[in-house]
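Trainee: Residue numbers (numbering that gives the first Met the number 0), protein chains in the order written: chain A, 0 to 244; chain B, 0 to 244.
Watch out, some of these pointers could steer you wrong.
If several chains are the same, the list does not tell them apart, and a pair holds so long as it fits within one copy or across any two.
To be verified - DMTMM-like, lysine to aspartate or glutamate: derived pairs with alpha carbons at most 25 Å apart:
#1 182 / 210
#2 182 / 226
#3 162 / 106
#4 182 / 83
#5 162 / 210
#6 162 / 83
#7 182 / 221
#8 115 / 174
#9 82 / 63
#10 162 / 45
#11 32 / 210
#12 182 / 119
Simulated from the structure, these hints should not be mistaken for lab results.
Number of protein chains: 2
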Amino acid sequence: MPKPRRVTDTRSGRRKPPPRRAAADATTAASGKAARSRRTQARILDAAEELFSHHGIYGVSIRDIADRADVDTALLHYHFANKDGIYEAVLLRRAGEINAARMQALDDYALACGGKPDVEGIVRAYLHPVFERLRNGGRGFNNFAALIALANNSELWGGGTVKEYFDSAVQRLIELLRLALPKAREVDLYWGYQFISGALTLSYSRNDRIEGLSRGRCRANDYAAIEPRLVEWCTAGIRAIGARR
Amino acid sequence: MPKPRRVTDTRSGRRKPPPRRAAADATTAASGKAARSRRTQARILDAAEELFSHHGIYGVSIRDIADRADVDTALLHYHFANKDGIYEAVLLRRAGEINAARMQALDDYALACGGKPDVEGIVRAYLHPVFERLRNGGRGFNNFAALIALANNSELWGGGTVKEYFDSAVQRLIELLRLALPKAREVDLYWGYQFISGALTLSYSRNDRIEGLSRGRCRANDYAAIEPRLVEWCTAGIRAIGARR
DNA sequence: TTGGTTATTGATCAAATCGTGAATTTAGCG
DNA sequence: CGCTAAATTCACGATTTGATCAATAACCAA
Chain A
0 MPKPRRVTDT RSGRRKPPPR RAAADATTAA SGKAARSRRT QARILDAAEE
50 LFSHHGIYGV SIRDIADRAD VDTALLHYHF ANKDGIYEAV LLRRAGEINA
100 ARMQALDDYA LACGGKPDVE GIVRAYLHPV FERLRNGGRG FNNFAALIAL
150 ANNSELWGGG TVKEYFDSAV QRLIELLRLA LPKAREVDLY WGYQFISGAL
200 TLSYSRNDRI EGLSRGRCRA NDYAAIEPRL VEWCTAGIRA IGARR
Chain B
0 MPKPRRVTDT RSGRRKPPPR RAAADATTAA SGKAARSRRT QARILDAAEE
50 LFSHHGIYGV SIRDIADRAD VDTALLHYHF ANKDGIYEAV LLRRAGEINA
100 ARMQALDDYA LACGGKPDVE GIVRAYLHPV FERLRNGGRG FNNFAALIAL
150 ANNSELWGGG TVKEYFDSAV QRLIELLRLA LPKAREVDLY WGYQFISGAL
200 TLSYSRNDRI EGLSRGRCRA NDYAAIEPRL VEWCTAGIRA IGARR
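The task is simple: from the sequences and hints, build the whole structure.
Mentor: So this is what it looks like as structure tokens:
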């Protein structure tokens, strides 16, 4: 049975000298001890990200990660204390960045529309940063996204803490929708977000079903096909749901 | 590492006398050896269903299931050969029934509408059987649904085989949508289904986020609130996406 | 060079896990 | 009743897993 979840403060349990990444300068210098350390940490996280996204958190052992990253298992404990630490580090590495990008896109649009946002523009701003990264972010981001999809539709590890990293952008999204649809009821907007989230999540999850169903006419990771359709879909949905009485 | 996935034919690997449920009569007789056997199997599956839906497949051990079902671990091997067998049995127990119900609902509507289906009616027919069971199917069905949500947004065990149990109803759904929207393009209907599926899946997954986001104004399992909104949402979305040029 | 700190490895432990085969109970049948 | 086969328990072995500790390698500063 999974040991009692202790999502908070896994890091404090560490007994070995903690790596102090804080003091390191922002330069991605290719030499030096600190740089090397950072590189191995990244390699470990890349391996963990990929394996976790495929097999789920409990389906991957510390040894699996160490093998794939080509380091000793003890090194994982040295850098991340324990398995929880690795998992959290994997999520935190990208969560902040993507949320910030969404926030930025929404703010940009809020400015550009001159106080008169419309649903389609809002939805597009909210969705685009993710699709952009799905297309150009390399395999790493796609693994991360699949992992998020896994965590999002379950209460597996990190269920509590990590999801909150995305909350601020969601609140901003709803705030803008309120401006665009002043007559819509509060709860309807929240349900609308829930539906957006579900469709988006499935888009980047590891789920090939549509390929079989459509007999190859749709490819599951054809993000260029998905993005515009999802924007139209959500726009129409929100307008419909926002018109409820 | 998760042992090499062998989703197909886990049952054949069994080395002990297979339980022959085929010959059993349909009566749910409360006495007799076969009946007792069936009851314990059901208890095992109930336990497994609940645990799997919470912790994922790799997060649950055979012992966990045995403890909760209050039987010996060896009995699980006797009835289901191994962990894969239990997992598949959990899914198969309900997958056929829910798919058949959906099929029936779609057929009923196709008849009732007199050859002139409209999007809203189709969507409602497709969604209703699930929501009905989410409300009245007892905790067991809700566990099953959460497990499906988990499997649907990942490629964990059963990813290949089991999902296909739902395919026939989906094909029927799309067939009807084609009638309702003769000008829509094929691929757009498939993408539409994908978006429906995503939103629906998130609805019955174990994901409380909306409760925090809405500061308690929406409850994640308030299916009476979700169903009508989801119908409106999907109807509007499909119409929009079907009007693409 | 030397010495100290950090990063990394190798060997190993205790606990947990899956699975098995022998033993025991239970139910039906002549 | 007594026999047989199915259902269930008991005890155990092999392997895996997360984690630790001492020992070594890499780096850097004096």
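Trainee: Each hint: holds or not?
Mentor: How the hints compare with the structure:
1. 182 / 210: Between. Shortest inter-copy distance 22 Å satisfies the 25 Å Cα cut-off; intra-copy 40 Å does not.
2. 182 / 226: Only across copies: residue 182 and residue 226 sit 22 Å apart there, 28 Å inside one copy, limit 25 Å.
3. 162 / 106: Result: close within a single copy only, 21 Å intra versus 40 Å inter.
4. 182 / 83: neither (45 Å within a copy, 51 Å between copies)
5. 162 / 210: Answer is between; shortest inter-copy Cα gap is 13 Å, intra-copy 29 Å.
6. 162 / 83: within (15 Å within a copy, 30 Å between copies)
7. 182 / 221: Intra 36 Å, inter 23 Å, cutoff 25 Å: inter-copy only.
8. 115 / 174: Within one copy only: 13 Å inside, 40 Å across.
9. 82 / 63: Classified as both: same-chain Cα gap 12 Å, cross-chain 21 Å, threshold 25 Å.
10. 162 / 45: within (20 Å within a copy, 29 Å between copies)
11. 32 / 210: neither (47 Å within a copy, 46 Å between copies)
12. 182 / 119: For residue 182 and residue 119, the Cα distance is within 25 Å both inside one copy (17 Å) and across copies (24 Å).
Checked against the numbered hints above, the structure violates hints 4 and 11; every other hint is satisfied.
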